[in-house]
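Trainee: Take a look at the letters that make up each chain.
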Amino acid sequence: MAETVAACRPAVVCAYPISPQTHIVEALDEIVRLGELGTCQFVNVESEFSAMSVAIGASATGARVYTATASQGLLFMVEPLYNASGLGLPIVMTVANRAIGAPINIWNDHSDSMSQRDSGWIQLYAQDNQTASDLHILAFRIAEEVSLPVMVCMDGFVLTHAVERIDLPEQSEVDQFLPPYTPRQLLDPSDPMSIGAMVGPEAFTEVRYLGHAKQVQALELIPDLAEDFVKLFGRRAGGEHDLDGLVTSYQVDDAEIILVALGSVIGTIKDVVDEMRELGTKVGVLGITSFRPFPLDSVRTSVMHAKKVIVVERAFAPGIGGIVSSNVRTALRDTSIKISTAVAGLGGRPVTIKSIRGVVVQAIDDTLPELTFVDLDVELINRELERNRQQRRSGPMAENLLRDVGSR
Amino acid sequence: MSTPLKFYQVGSFAVGNRLIDEADLSVQSSTSRSNSLTSGHRACQGCGEALGARYAIDAAMAATDGKLVAVNATGCLEVFSTPYPETSWRLPWIHSLFGNASAVATGVAAALKAQGKSDIRVVAQGGDGGTVDIGFGPLSGMFERNDDVLYICYDNEAYMNTGVQRSGATPPGARTNTSHAVGEHPGASFTQGKNLPLIAMAHGIPYVATATVADLHDLEAKVKKAMGMRGARYLHILVPCPLGWGSRSEETIKLARLATESGLFPVFEAEYGEITETKKIRRRVRVEEYLKPQKRFAHLFGANGHSEMLSAIQAIADKNVAKFNLWDSEEADTNHG
Amino acid sequence: MFQVRIHGRGGQGVVTAAELLSVAAFQDELFAQAFPSFGSERTGAPVVAFCRISKLQIRSREPVMEPDALIIQDSTLLQSVDVFAGAAPDAFILINSTKSFNELGLEEFFENRQSERSLIVPASEIALRHVGRPLPNAALLGAFAAITELVTLDSVLNAIEERFPAKIAEANADAAREAHEFVLAGRKVAEHASTN
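Residue numbers (numbering that gives the first Met the number 0), protein chains in the order written: chain A, 0 to 407; chain B, 0 to 336; chain C, 0 to 195.
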C-alpha cells in the first residue's frame with residue numbers, strides 16, 4: 000500500500016498510529032527518509048485530529064496529501080473530516096476498517112467508515128489487496144478532478160495484514176494517470192484568498208447542494224476514469240468482476256437471489272456462489288465499490304431481475320437495522336424484490352462460507368427474517384435479556400454479560 | 000527591546016514622528032504598510048484583538064516581504080474579519096476549525112517546504128480559548144516538532160465570541176457567564192492558571208514572547224524578531240475586550256498598560272526556554288487601578304465588595320513582580336505620575 | 000485449494016511462517032494468501048496464522064476451518080488450544096517437539112491417521128543449532144515442503160532469502176534444509192521398514 004501511495008507522489012504525508020494502519024505509514028516514513036520521495040514531508044502528528052488538520056493546511060497550500068486511520072482515529076478527526084470536504088480539499092485517506100468501541104475492539108468491521116458516510120467524503124471499498132492498491136491511484140485522480148476528499152476503505156487485518164500476490168503499478172504508469180496536482184484555489188501570496196469564512200443561511204444551502212452535486216458528478220466520472228485506468232494498467236481498478244468502477248458483479252445476470260456486499264467478504268461470498276451454483280441455485284453477488292456516491296442506477300440495473308436480495312453488512316444502525324440495505328432499498332424502490340439484511344462480521348467475527356451458505360438457504364426457504372444477525376449466540380442473548388428483565392442493571396453490556404458467568 | 004523614546008506615538012503624520020529615523024518608525028506608520036487586515040471588518044469599537052492583529056500581521060508582512068500565509072482559529076478575529084462574502088484579509092488566509100489552527104499551520108508549512116517555497120512563511124492565530132484550551136494538544140505537538148510557524152495568541156481572557164464564557168486563561172475573580180459573580184465565591188476560581196508563555200518555554204522552542212496592545216511598537220518589534228527566526232515561535236498578546244471586560248472602548252490601550260504596570264501581565268522574551276529580556280515596570284500601580292475600570296471585577300469593590308479577593312489578586316501581582324523581576328525600584332521612572 | 004493453519008505463540012514467527020509459505024507458493028507459480036488471526040501484540044500468547052495455496056485465484060477470506068495441513072510450532076499449546084479442530088483425516092500434521100506422540104499424549108489421536116502424514120520434528124533444536132535461537136518456523140517450513148511436496152524446498156529457501164538479511168537468511172535456510180532432510184530420511188527408514 001505504501002509503495003502505491005508513494006508512486007502517487009504525495010507532497011505531504013501526515014499520520015498518527017492506530018491499528019491496523021500503522022505499517023502503511025511506517026513504510027512511508029522509511030520511503031521518505033531514504034529520499035525516495037523527493038521533498039515529500041512526513042509529519043508525525045500527535046493525534047488524528049491533528050493528522051486531518053495538517054492535511055487540510057497542506058492541501059489548501061496546493062500539496063497532494065495522504066493520511067491513514069481507522070476506527071477511533073477516524074472518529075477523533077470527525078470535525079476536520081467534515082471541514083476537509085466542506086472546503087473541497089482533495090485529500091486521500093486510507094481507512095483500515097475497524098470496529099468502534101465501546102467495547103474496544105481492534106478487529107474488522109465497517110462501523111467506522113459507515114459512521115462517516117454523510118461527511119461529504121467519497122467512499123470507495125476494496126474487495127482485495129489488488130483493488131485496495133489500485134483504488135488509491137484512482138482516488139487521487141477522482142479527488143483532484145471533482146475537488147472532494149476520498150477515503151479508500153480496506154478491511155482491517157483481513158486485508159491490511161494479509162499477504163497476497165498483487166501487481167504493483169509502474170511509476171511511469173502512475174505518472175501518466177495522475178498528473179501533478181493543480182489546485183483550484185490555494186494559499187498563495189501572489190494571489191491572496193480568504194478560505195473558510197462563515198457562510199450564513201443565505202448561502203449555506205447552496206454550498207451544501209454543490210457538495211452533493213459534486214458527488215453526483217463523481218458517479219459519472221468514476222466509470223470514465225475506470226476505463227482510463229484499464230487502458231493504462233491493463234486491469235480494472237474496481238478489481239475482479241468490476242462493471243463500471245462503481246460496482247462489481249459476479250454471476251448476477253441470471254441470478255434469482257443476489258447478495259450485495261462491500262469489502263473483502265465479497266471474495267468469500269463468491270466461493271459460496273460457486274458452490275451453490277453447482278447445486279443448481281441461481282445465486283450471484285453484487286459488490287459495491289463506490290458507497291458514496293451511492294450508485295443507485297448501477298445497483299438497480301444489475302439487481303432488478305432478482306427475486307430476493309440479501310444485503311450482507313459489516314455494520315448496522317442500532318435502533319433500526321441495516322445501513323447499506325436502506326440505500327439498496329432506495330435503488331430498488333417500486334420493485335417487488337424481497338430485501339433482507341444480514342449483519343455479519345461485527346468486531347472481526349469471521350464471516351464463513353458456512354454461515355453465508357446458511358443465510359442463502361434460509362432465503363431459498365423463505366425463512367430468512369428481514370433483519371438477521373449472522374452467527375448470533377441467541378442463547379447468550381436471551382439469558383442476558385432475561386436477567387435484565389429480572390433486575391435492571393446499568394452499565395456496560397459487555398461487562399454485565401460476564402457478571403453472572405460465575406453464578407451459572 | 001525597543002521603545003527607547005519616551006513620547007507617545009500619535010499617528011503617521013504627527014510632527015514628532017517625522018523627527019525619528021525612519022528605521023525606528025512603526026510599520027503601521029508607513030504608507031506602504033500592507034494593511035493586511037483592512038478596514039470594513041465588523042469588530043466592536045475599541046476591540047483590542049483587531050488592533051493587535053493589524054499591527055502584528057502588518058509587521059509580519061513587512062518582515063517577510065509580503066510572503067506570508069495566515070491560519071486563523073475560530074473566534075472573534077475570524078468572525079469579524081470574514082463576513083461572507085466579504086473579507087478584510089489581504090493576504091492568503093485560511094480558517095479551518097477552533098482547535099486546529101496550529102496543526103493546519105503545520106500542514107501549510109510542510110506543503111511549502113515540499114514545494115521548495117520555504118521563503119513563504121506561516122503565522123497561526125487564535126484567541127485564548129482556541130489556544131489554551133481546545134487547541135492545546137495540537138499546539139504542543141507543533142512546539143514539539145519545532146514546525147516553522149509563528150503562533151500568535153490574542154488573549155482577551157475568555158471565550159468572547161460565544162458570549163463571554165471562562166477559559167483556561169480567565170484570571171481569578173473575573174466575572175464571565177460561566178463564572179458568575181454570585182454566591183460565596185464570585186467570579187472565576189483562584190486556580191494556578193494555565194500560563195501558556197511558560198508552557199511554551201518549557202517546550203524549549205526558539206522564541207517565546209508576551210506583549211500587549213499598550214506598546215504597539217514593542218509588539219511589532221517582537222513580531223519582526225520572531226519572523227527573523229525559524230522553527231516554532233509563540234507570541235502571547237494581551238488584548239482587552241471592552242464588551243467582555245465591561246470596560247470603556249476608549250480605554251483598551253490604557254487597560255493593557257495598567258495590566259503590565261500592576262504586574263499582572265509580565266512582558267518578556269525568552270529563547271530556548273530561558274528568559275532573555277524583561278520589560279520593567281515604569282510606574283508601579285496597585286491592582287485596583289487596573290481592575291476597577293472593568294465591570295467584570297465590580298464584585299471586588301464597593302460596600303459588599305470582596306476585598307479579600309483583591310488582596311489575593313495583589314498577591315499574584317506581587318509574586319509575578321518578584322518572579323520575573325519586573326520592578327527595579329531604583330530605576331523606576333519617578334518623574335511620571 | 001490447500002489450506003494450512005499454523006499454531007504457535009507470539010514471538011515464535013508464526014505469522015512470518017505463513018507469509019514465507021505464501022511467498023514460496025508464489026515462486027512455484029501458485030496463488031497464495033496468508034493472514035493472521037490477530038490479537039493485541041503480546042509475546043507468549045497463542046497465535047494462529049493461515050495460508051491458502053491454490054492453482055486458482057483465492058477469494059475467500061474466512062479463517063481456515065478445515066486445514067489440509069497443520070503446523071504446530073509450540074507443543075505446549077496442545078493443552079490449551081484445540082489445534083486439531085476441523086483437521087481432515089488425511090491432513091498433514093507437523094508438530095515441533097522432541098517428544099514422541101505417546102509422550103505428547105497424542106497416541107490415540109494419531110492411531111487412525113496415516114503415519115506418513117503426521118510427523119514430529121525437533122524444529123526448535125534444529126533452529127538453535129543454526130540460528131542460535133529456538134525459532135522453529137523456517138525449519139518447519141523445510142519439513143512442510145518435504146512432507147506435503149506442495150511447495151519445493153528451493154522456493155522455501157528463496158522466500159527465506161528474500162525476507163531476512165543475509166546472515167540470518169543463511170542460518171534459517173540451513174535449518175530449513177536440515178529439517179527437510181530429517182523428513183526425507185525418516186521416510187526412507189519407514190519405507191525401508193515397510194518393505195522388509
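Think of the hints as simulated: they come from the structure by calculation, not from any bench.
A hint or two may mislead.
What the hints assert, rightly or not - Okay, derived cross-link-like pairs now, DSS-like style, lysine-lysine, Cα gap no bigger than 30 Å in a straight line:
1. B/Lys279 / B/Lys116
2. A/Lys281 / C/Lys54
3. A/Lys306 / A/Lys337
4. C/Lys54 / A/Lys230
5. B/Lys224 / B/Lys279
6. B/Lys278 / B/Lys253
7. C/Lys54 / A/Lys353
8. B/Lys193 / B/Lys116
9. B/Lys223 / B/Lys116
To be verified - Computed far set for chain A versus chain C, every beta-carbon distance over 10 Å:
10. Asp127
11. His160
12. Asp174
13. Gln184
14. Ser263
15. Thr267
16. Lys269
17. Asp270
18. Lys306
19. Gly347
Stated by the list, open to error - Computed footprint of chain C on chain A, listed as stretches where at least three residues anywhere in the stretch have a Cβ under 8 Å from a Cβ of chain C:
20. 161-167
21. 216-225
Note that the structure is predicted; figures quoted are calculated from it, not measured.
Just so you know, even glycine gets a beta-carbon here, dropped at the ideal spot from N, CA and C.
Trainee: Hints first: check each against the structure and report whether it holds.
Mentor: Evaluation of the provided hints:
1. B/Lys279 / B/Lys116: Cα-Cα ~40 Å, so violated.
2. A/Lys281 / C/Lys54: Since the Cα atoms of A/Lys281 and C/Lys54 sit roughly 26 Å apart, the hinted pair holds (cutoff 30 Å).
3. A/Lys306 / A/Lys337: 6 Å, holds
4. C/Lys54 / A/Lys230: Roughly 27 Å between the alpha carbons, so the hint for C/Lys54 and A/Lys230 holds.
5. B/Lys224 / B/Lys279: Given that 30 Å is the threshold and the Cα spacing comes to 20 Å, the pair holds.
6. B/Lys278 / B/Lys253: 17 Å, holds
7. C/Lys54 / A/Lys353: 23 Å, holds
8. B/Lys193 / B/Lys116: 36 Å, violated
9. B/Lys223 / B/Lys116: Holds, at roughly 20 Å.
10. Asp127: Check fails; 8 Å does not lie beyond 10 Å.
11. His160: 6 Å, violated
12. Asp174: Holds: least Cβ distance 27 Å, greater than 10 Å.
13. Gln184: At about 42 Å from chain C, A/Gln184 clears the 10 Å cut-off, so the statement holds.
14. Ser263: 5 Å, violated
15. Thr267: Given that some Cβ of chain C is not farther than 10 Å from that of A/Thr267, nearest at about 4 Å, it is violated.
16. Lys269: The assertion about A/Lys269 is violated, with a minimum of 5 Å to chain C.
17. Asp270: 5 Å, violated
18. Lys306: Given a closest Cβ separation of 25 Å, the condition holds.
19. Gly347: Nearest chain C Cβ is 8 Å from A/Gly347, so the label is violated.
20. 161-167: holds (count 4)
21. 216-225: violated (count 0)
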